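Novice: Sequence:
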Amino acid sequence: MSHKIVVILLVFILSACNPDNAEQPLLQLAGVNYLGDLPTLVANKKQLFPKHHLNINVTFHDYGKQSLQALRAGEVDFALMAPNTFILDQMTNRQNDGSQDDLVILANLLHSTLMYQVLSTTTGKDIQTVADLKNGRVGLTKGANVEYIWWLYSIFYQVEADNIEIIYLPPDELGQALIDGKVDAIVAWQPWTNHFISEYGDLIQQVEGSHVYSAKWLLVTRRQIVQQYPTQCQQLIKAYAEAINVIHTDSENIMEMYTDVIHQQGITGEAYQPGLHQVNLNWSLISELHQGIQWARLSHFPGSEQETDVFSWFEPAPLQAVLPFSVKIPNTLADEGQP
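One point on numbering: in this note's numbering, the residue at position 131 of the sequence shown is 131, and numbering is uninterrupted.
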């Protein structure tokens, strides 16, 4: 009888010491209802977060700025956003001095030209390329990444800012404004672009030039979270890596799932295609950040005139521990000023 008691106690002790059975902290993550954030949806729907021993609650916002605001307010521990949403926040809340409240980039999850499009009507002004929008009206959503993207388009096609009237509208109102003739073109993101094409059919066309921008998508947290929960940060990256593998190996079923989810939200788009997803930190992201800083300076955003060390924005340790070959940036924080 005593031997049985000893065996039972040993099993109990070993079970308690197993990290898989340890009580996990409840963490909060803010995703976005955006095709580029498909890995978050897949990881959530396919239960990949608990599979990787994460106790995490996921909420979805309409765009990245709302997720960032939730992160700044301490409502969530992780947030997904576009690079320029992150850049403008860094300009406004410039610290990067190692403070625990610093926001840091854990990984980029996307490299795709499929996420944003310029749309015009087939019945109004003849617009074949962005260059045809000179002296026209363009609909954008203020505070969203499309402000930066429109700047890129205008630079590439040499459209002077003084020759364009920008009209700011919520994303769900852009399509109707285009059809009603209130704007000559709109810059929108998925799922909204396919939604407008599905809703208005032959009245809508894609304008040549959307390929100019390759979208990135950032997983961001506070430095304090990396220090307090290093294991959970690594497990989160593992969950995203598995979600991306599922997207690439089972694309048809994943896109059916995505379409069903957005239809439940009243978005009627069809024929969605996944972007190129990969978990990484590399020089193309650094280049994107520098370009965004240049846009912020030319647009005279507060704080953009100061020198910026983009390497202080990264926290590569969790990704380095899990997928070391995915980290292609210096592993020490260099003192790099914006040229």
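Keep in mind the hints are simulated off the structure, nothing from the lab. Hints are supplied without guarantee of correctness; some may be wrong.
[Claimed, not checked] Across the chosen pairs, the derived CB separations fall in these ranges:
1) N253 x N163: 42 to 48 Å
2) F325 x G124: 37 to 43 Å
3) Q47 x Q158: 45 to 51 Å
4) H211 x N253: 23 to 29 Å
[Stated by the list, open to error] Derived pair list, reagent style DSBU-like, types lysine-lysine, alpha-carbon separation capped at 30 Å:
5) K182 x K134
6) K45 x K182
7) K238 x K182
The structure displayed is predicted, hence computed values, not measured ones. All C-beta atoms, glycine included, are put in the ideal place defined by N, C-alpha and C.
Novice: Does each hint fit the structure? Answer for all of them.
Specialist: Quick rundown of the hints versus the structure:
no.	hint	in the structure
1	N253 x N163: 42 to 48 Å	46 Å, holds
2	F325 x G124: 37 to 43 Å	50 Å, violated
3	Q47 x Q158: 45 to 51 Å	49 Å, holds
4	H211 x N253: 23 to 29 Å	28 Å, holds
5	K182 x K134	16 Å, holds
6	K45 x K182	39 Å, violated
7	K238 x K182	46 Å, violated
Of the numbered hints stated above, those contradicted by the structure are hints 2, 6, 7, listed in ascending order.
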